[in-house]
Every structure is written in structure tokens, then in C-alpha cells.
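Visitor: Protein chains in written order, with the working numbering: chain B, 9 to 212; chain W, 3 to 286.
Simulated from the structure, these hints should not be mistaken for lab results.
Treat the hints with caution; some may be incorrect.
Here are the simulated distance ranges between beta carbons [as the list claims (entries may be wrong)]:
id, chain 1, residue 1, chain 2, residue 2, range
1, W, Phe228, B, Arg123, 49 to 55 Å
2, B, Gln70, W, Ala111, 16 to 22 Å
3, B, Gly130, W, Arg96, 30 to 36 Å
Keeping only pairs whose Cα atoms sit at most 20 Å apart, straight-line, the calculated SDA-like set for lysine to any residue is [what the hints assert, rightly or not]:
id, chain 1, residue 1, chain 2, residue 2
4, W, Lys41, W, Ala108
5, W, Lys10, B, Glu140
6, B, Lys173, B, Leu24
7, W, Lys206, B, Glu134
8, B, Lys173, B, Thr156
9, W, Lys180, B, Lys173
10, B, Lys148, B, Glu134
11, W, Lys10, B, Val146
12, B, Lys148, B, Leu24
13, B, Lys148, W, Glu91
14, W, Lys10, B, Arg141
15, W, Lys41, B, Arg207
16, W, Lys10, W, Trp44
All C-beta atoms in this analysis are idealised placements derived from N, C-alpha and C, irrespective of residue type, glycine included.
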Amino acid sequence: MTFLELAACCACIAVLELDTVQIGQFMISRPSIAGMLAGLFTGRPAEGVQIGLWTELLFLDQIPMGGVVPPSGLVAASSAVFLLDYPGLEVPAAFIIGVMLGHIYSRVEVFARGRRSSWNRGIDAEISGGRERLGFWVTKSFIAQFFTCGFFLLFGVVFAGRAGKFIWGLSSQEFRGAAYFAYATVPWLGLAALVLRFRPGGNR
Amino acid sequence: MAMPLKVKIFLRSMLIQAAWNFERMQNIGFVFALVPVLKNTWGASRAELSRALLRHTALFNTQPYMAGFILGVAWKLEEDFSAARSEGEEVFTRRIASVKQLAASALAAIGDALFWGALRPLSLGICVIVWWSCGFYCWLIPVSSGHCPPAHGILSVLAGPLAGLLVYNFFALSVRWKGISLGYRCSGSAVCGLDAVNWQKLIKTTRALCFAAAVVIAGLMFRTYFSAHAEPGLVPQILSKSLMPAAMFAAAWVIKKLGYNSVSAYSAILLLSAAYFSFFKTPA
């Protein structure tokens with residue numbers, strides 16, 4: 009995958025990311041779908057589905073209630089799939105970096121939401137002055153979110169991927185074995201959390 | 003209730019979380035969704051329209067699919083106030099803010115339990131079951147080489163998510179659409195929507211379906227996991243292969259009891275297994 013192809017893929021995922029909060033919440037931005045799409049882009053649909061689904065199972069107990077910003081499963085899944093091709097990491101390493109990027113992106117999202125708080129003053133002033141431009145502010149929010157996610161994904165994959173490839177190359181056989189083992193436990197962990205959560209009489 | 007206005011509000015309600023910010027949360031998306039109604043009600047006077055818009059730029063937050071109820075309530079309240087002017091504008095502003103706040107809190111609790119807590123995992127379960135039914139299940143097996151046998155065509159890949167999305171969005175869009183008219187008919191009640199549906203029964207039923215889906219997926223995973231890499235000796239094979247799933251269920255139970263999430267569990271397993279493999283020099 010070339011840098012331009014990666015940039016185009018990141019742009020598509022950034023459009024999808026708007027569904028997470030800003031537009032619709034139709035669930036097309038969930039990690040299982042993002043991973044599947046990223047896999048289709050990179051010619052690895054099954055790996056994409058696996059990473060996306062397992063990411064979703066891992067993040068399922070972190071719910072966006074109130075002002076809580078959970079880690080981004082979409083960023084985690086899509087970046088992990090892209091890392092399989094650019095720069096070509098092994099699946100467990102790509103998954104670890106993807107989960108880390110998903111957590112870091114949630115901090116970026118917190119920063120973005122904080123920045124948007126300052127828009128309220130401008131909107132109030134415009135409305136008080138008889139000018140309603142809410143469509144402008146909403147569109148501005150979409151564009152800002154698109155570029156934030158797109159650039160984060162692109163540079164996250166490029167730099168974290170290079171760092172990850174370097175560290176993976178230096179790591180011992182034992183650590184790699186541990187990474188494979190931990191990756192293999194993910195679906196069972198996620199499934200167990202699901203069964204425990206919904207068992208009759210279990211925690212809500 | 004004018005249908006063209008309802009359609010506009012419905013479409014704009016999809017952007018209820020646009021420009022979400024920590025100071026006033028969904029305020030920008032809420033007032034954006036209400037603009038057609040406010041222009042229709044107060045459009046004759048620029049000053050009154052501005053004051054009406056400012057009423058709705060205050061703090062607001064609820065579960066996004068349940069916001070339709072509150073949009074309908076706000077629509078009716080604004081129309082009634084414009085027609086009757088039975089109270090001062092300041093009193094009305096405080097009343098509408100109070101009604102919105104109360105309704106938002108109550109509906110948020112219901113929406114979070116129903117949509118985030120039950121329907122979202124259920125739609126994932128449906129996706130997985132449809133995938134397995136279409137013969138697309140190789141991804142259940144951990145890949146050691148980074149490659150997985152190719153999928154059985156693009157349709158089998160898309161079928162799962164489409165099924166999950168259809169079920170989820172049927173409920174989400176129905177609640178969004180019906181919520182607006184139910185909210186409008188509430189005539190400004192703060193408990194609007196709470197008795198519109200038997201929410202408790204709906205949440206309980208959905209959670210039961212989630213449990214059923216989780217059990218089915220567990221069965222599919224066990225079946226696929228056991229049939230892959232078949233070894234001679236059924237009993238030893240069952241025992242050795244049951245070890246990891248059983249250990250993970252135990253780990254998930256412990257993690258849940260301690261109040262941690264699945265990502266913490268994964269990180270702990272990674273670190274502990276790295277330490278174990280390094281100490282005992284276990285080959286990869």
C-alpha cells in the first residue's frame with residue numbers, strides 16, 4: 009500500500025467516523041464494520057472482520073453515556089488493519105498498536121469537544137444580533153472532525169507503525185509469543201464479558 | 003402537526019449531536035433541529051425569533067434517539083406560547099428549560115439502557131450469527147500467520163453487518179420518528195414518553211435476546227475452535243482446548259468483580275504472559 013492509498017483509505021474511514029457522534033449514529037461506524045471496510049480496502053476482508061469484531065468485543069463494555077468519551081473502536085480497528093499492510097506488521101502487534109491509537113484518539117476527541125465549547129459565545133452573539141448561521145457551525149464541526157480523524161489515522165498509522173515495526177523487530181521470541189497468546193484470548197474475553205453482562209440476574 | 007415540518011425536524015434530529023461540546027453538550031444540534039419550527043412560529047418577528055432560538059441554546063443532553071420526544075414537546079410548547087401568551091416570556095423560558103431538563107434525564111436513562119446497553123450488542127450478535135450462517139467464520143480462529151482463508155464472496159461479508167444494521171436502525175429510526183409526534187401530543191408534560199411504550203419490558207426482552215445471542219455465538223465459537231486443528235483423542239482434546247475459554251471466562255468474571263473493563267483484562271493478560279514466557283523461556 010502506498011502513502012497516497014493509505015491517505016485515501018484514512019479519508020474514507022474519517023467520513024465513517026462522523027457517524028460515531030456527529031451524524032446519525034446509524035452504527036455504520038462500529039468497529040466490526042470499520043474493520044471489515046478497512047479489510048476490503050486492503051484486500052484482507054477476513055483479517056479486517058476479525059480485527060474489527062474482536063476490537064468491538066473488547067470495547068463493548070465502554071459505553072458513551074453522558075459526557076464520557078470511550079476509546080474509539082473505529083480508530084483502533086481500522087488503524088490495526090492498515091498496519092497489516094503499511095508498514096506490514098504482524099496481527100498481534102497491529103492489534104496492540106490499534107488499541108493504543110483508539111485510546112489516544114479519545115483524548116483528541118476530548119480536546120476537540122473542549123474547543124467547541126468556545127463556539128457557544130459566538131453563536132449566542134450571532135443569534136442576539138439577528139443572524140442565524142447554525143448550518144455553518146454544524147458544517148464546520150463536520151469538516152473539523154473529518155480532518156482531525158483523517159490526519160490522526162494517517163500519521164498514527166505511519167509513525168506508530170514504524171515505531172511498532174522497530175520495537176517488534178527488537179522484541180524477544182517470548183514477548184511475541186505472549187502477544188500472540190493475548191490476541192488469541194480476545195474473543196473469549198469479549199464473549200465472556202457479553203455472557204456475564206446479559207445472564208439473567210446479572211449486572212445491568 | 004404539519005407533516006412537512008415533522009419531516010424536517012426528523013431529518014435534522016439526525017444531527018442532534020453535531021458540534022457536541024462539554025459546556026452545553028447537545029445544545030447546538032438541538033437548536034439546529036428546532037429551527038424550522040421556530041421560524042414557522044416566530045418568523046414574523048426577528049426579535050422574537052432570536053429570543054426563541056436563544057431559549058434553546060442552553061445546556062441540553064439526552065440519548066440521541068430519544069431526543070425526538072423532547073423536540074416534539076418543545077415544538078408544542080413554543081406553538082402554544084405563541085398563540086396564547088398566557089405567561090411572561092421569562093416564566094415561559096424557565097418552564098420550557100425545566101421541562102426539557104426533566105424529560106431529557108428520564109429519557110436518557112431509558113435510551114442508554116435500551117440502545118447502548120442492549121440493542122447495540124444484540125445487533126452485533128445478529129451480525130455474527132448471519133456471518134456464520136453464510137459460511138463466513140474463519141475469522142473466529144486466531145490467525146498465527148496473519149492470513150485467513152478467503153471469504154465466500156463479498157455478499158457473505160456484507161450480509162452480517164447489513165442484518166445487524168437493519169434491526170438496530172429499525173428501532174432507532176422508529177423511536178426517533180414516533181417520538182416527535184408523541185412529544186407533540188404530550189402538551190408540555192415533563193414525563194413525556196415515559197409511558198409511551200412499556201420500556202422496562204422492551205429492555206428486559208432485548209437483554210434476554212442478547213443473552214441468547216451470546217450463548218449461540220459461544221456455541222459457534224466452541225464448535226469452530228474445536229473442529230479446527232483436530233487432534234486424536236477426543237477427551238484430551240476437549241480438556242486441553244477447554245482450558246483457555248474456561249480461563250478467560252474466569253478472568254472476565256474476576257475483572258468484572260474488580261470493576262475493570264475488558265481492555266484492562268487484555269493488557270493484564272499481555273503483561274502477565276510476557277512475564278511468564280520470559281521467565282520460563284516458553285517458545286513462541
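Visitor: Hint by hint, note whether the structure agrees.
Guide: Against the structure, the hints come out as follows:
no.: 1; hint: W/Phe228 x B/Arg123: 49 to 55 Å; verdict: holds, 51 Å
no.: 2; hint: B/Gln70 x W/Ala111: 16 to 22 Å; verdict: holds, 18 Å
no.: 3; hint: B/Gly130 x W/Arg96: 30 to 36 Å; verdict: violated, 25 Å
no.: 4; hint: W/Lys41 x W/Ala108; verdict: violated, 28 Å
no.: 5; hint: W/Lys10 x B/Glu140; verdict: holds, 17 Å
no.: 6; hint: B/Lys173 x B/Leu24; verdict: violated, 27 Å
no.: 7; hint: W/Lys206 x B/Glu134; verdict: violated, 46 Å
no.: 8; hint: B/Lys173 x B/Thr156; verdict: violated, 25 Å
no.: 9; hint: W/Lys180 x B/Lys173; verdict: violated, 52 Å
no.: 10; hint: B/Lys148 x B/Glu134; verdict: holds, 15 Å
no.: 11; hint: W/Lys10 x B/Val146; verdict: holds, 16 Å
no.: 12; hint: B/Lys148 x B/Leu24; verdict: holds, 17 Å
no.: 13; hint: B/Lys148 x W/Glu91; verdict: violated, 32 Å
no.: 14; hint: W/Lys10 x B/Arg141; verdict: holds, 17 Å
no.: 15; hint: W/Lys41 x B/Arg207; verdict: violated, 49 Å
no.: 16; hint: W/Lys10 x W/Trp44; verdict: holds, 17 Å
Comparing the model with each numbered hint stated earlier shows that hints 3, 4, 6, 7, 8, 9, 13 and 15 do not hold.
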